[in-house]
Amino acid sequence: MKIEVRIASSPLRIEAADVSDCGAIARFDGIVRGTEDGRSITAIEYEAYQPMAENLIRQILADLHAEHSFALARVHHRIGVVPVGEAAIILDVHSRHRGEAFAVVTKFMDRLKLDVPIWKARVHFSHDD
Amino acid sequence: MRVLYFSNAATLAGCREEHWEVGSPISIAEFWAEAVRRHPQLAGIQNQSRLASGGEYVASDRLLDPNFEAAVIPPVSGG
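Protein sequence lines correspond, in order, to chains A and B.
So that you can map any letter, position 2 of the first sequence is 2 in this note's numbering, and since no number is skipped, the others follow by simple counting.
So that you can map any letter, position 61 of the second sequence is 1061 in this note's numbering, and since no number is skipped, the others follow by simple counting.
Worth flagging that the hints you see were computed from the coordinates, not collected in a lab.
Predicted model, so just to flag it, every value in this text is computed and none were measured.
The reader is advised that the hints may include incorrect statements.
Simulated restraints on C-beta separations [said to hold, decoys possible]: (1) A:98 to B:1021: 37 to 47 angstroms; (2) A:122 to B:1041: 10 to 20 angstroms; (3) A:23 to B:1024: 38 to 48 angstroms; (4) B:1011 to A:98: 34 to 44 angstroms; (5) A:125 to B:1041: 16 to 26 angstroms.
Per the computed footprint, the stretches of chain B lying under chain A, defined by three or more beta-carbons under 8 angstroms from a beta-carbon of chain A, are [claimed, not checked]: (6) 1002-1012; (7) 1051-1060; (8) 1067-1077.
Built from N, CA and C at the ideal position, the CB exists for glycine as well.
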């Protein structure tokens, strides 16, 4: 089992991975929407308690691996200003069958939103709103 | 003890980091009493926030070791 975690201010990109014996890749891209609370926005600024966030993401994925076996899980989260239409998070999970991959993606995102110290620090609203 | 504030905790405290002179481990109640004494507006988020010590969440019955950095963790909103 391999886990890759990256928290950085640059745009997110996950390259194709060569993982043998996997029949499924489930991927989730969390994209910044163009509206927040009914108002147009241009970007969301994220901040993180980075060392704790990275460790906790690894711990969550290790916990999930005990429940749903997978070969590779990669989590890249962006911090700083993320413009509308760009990804704030990309998660992909490689496993033998689709059930494990989908389960890990769903359960990981639920845990992330409960426990991982990353915040939407500031919403940048459109000037014409 | 190095104390870190994040998100709206940093806004309410008016700083992201400070140093407290603490000689021995303190309880969570003692931590919050000191934090609110320094920054009264933090009282407004105390009930929704968690504390971390050394990069891990602290259970309610544990003490905070001044040799590790402490952090005020308001409700998270990543992803």
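These are the hints, each one checked on the structure:
For residue 98 of chain A and residue 1021 of chain B, the Cβ-Cβ distance of about 56 angstroms falls outside the hinted range of 37 to 47 angstroms, so the restraint is violated. The hinted range of 10 to 20 angstroms is satisfied by residue 122 of chain A and residue 1041 of chain B, whose Cβ atoms lie roughly 18 angstroms apart. At about 56 angstroms, the beta-carbon gap between residue 23 of chain A and residue 1024 of chain B misses the expected band of 38 to 48 angstroms. Between residue 1011 of chain B and residue 98 of chain A the Cβ separation comes to about 43 angstroms, which falls inside the hinted range of 34 to 44 angstroms.
Residue 125 of chain A and residue 1041 of chain B have their C-beta atoms about 24 angstroms apart, which keeps the hinted 16 to 26 angstroms range intact. Here the segment 1002-1012 of chain B counts 3 residues with a CB under 8 angstroms from a CB of chain A, which clears the bar of 3, and the coverage holds. A stretch counts as covered by a chain when three or more of its residues have a beta carbon under 8 angstroms from one of that chain; for the segment 1051-1060 of chain B and chain A the count is 4, and the coverage holds. Three residues within the 8 angstroms Cβ limit are the bar, and the segment 1067-1077 of chain B against chain A gives 5, so the coverage statement holds.
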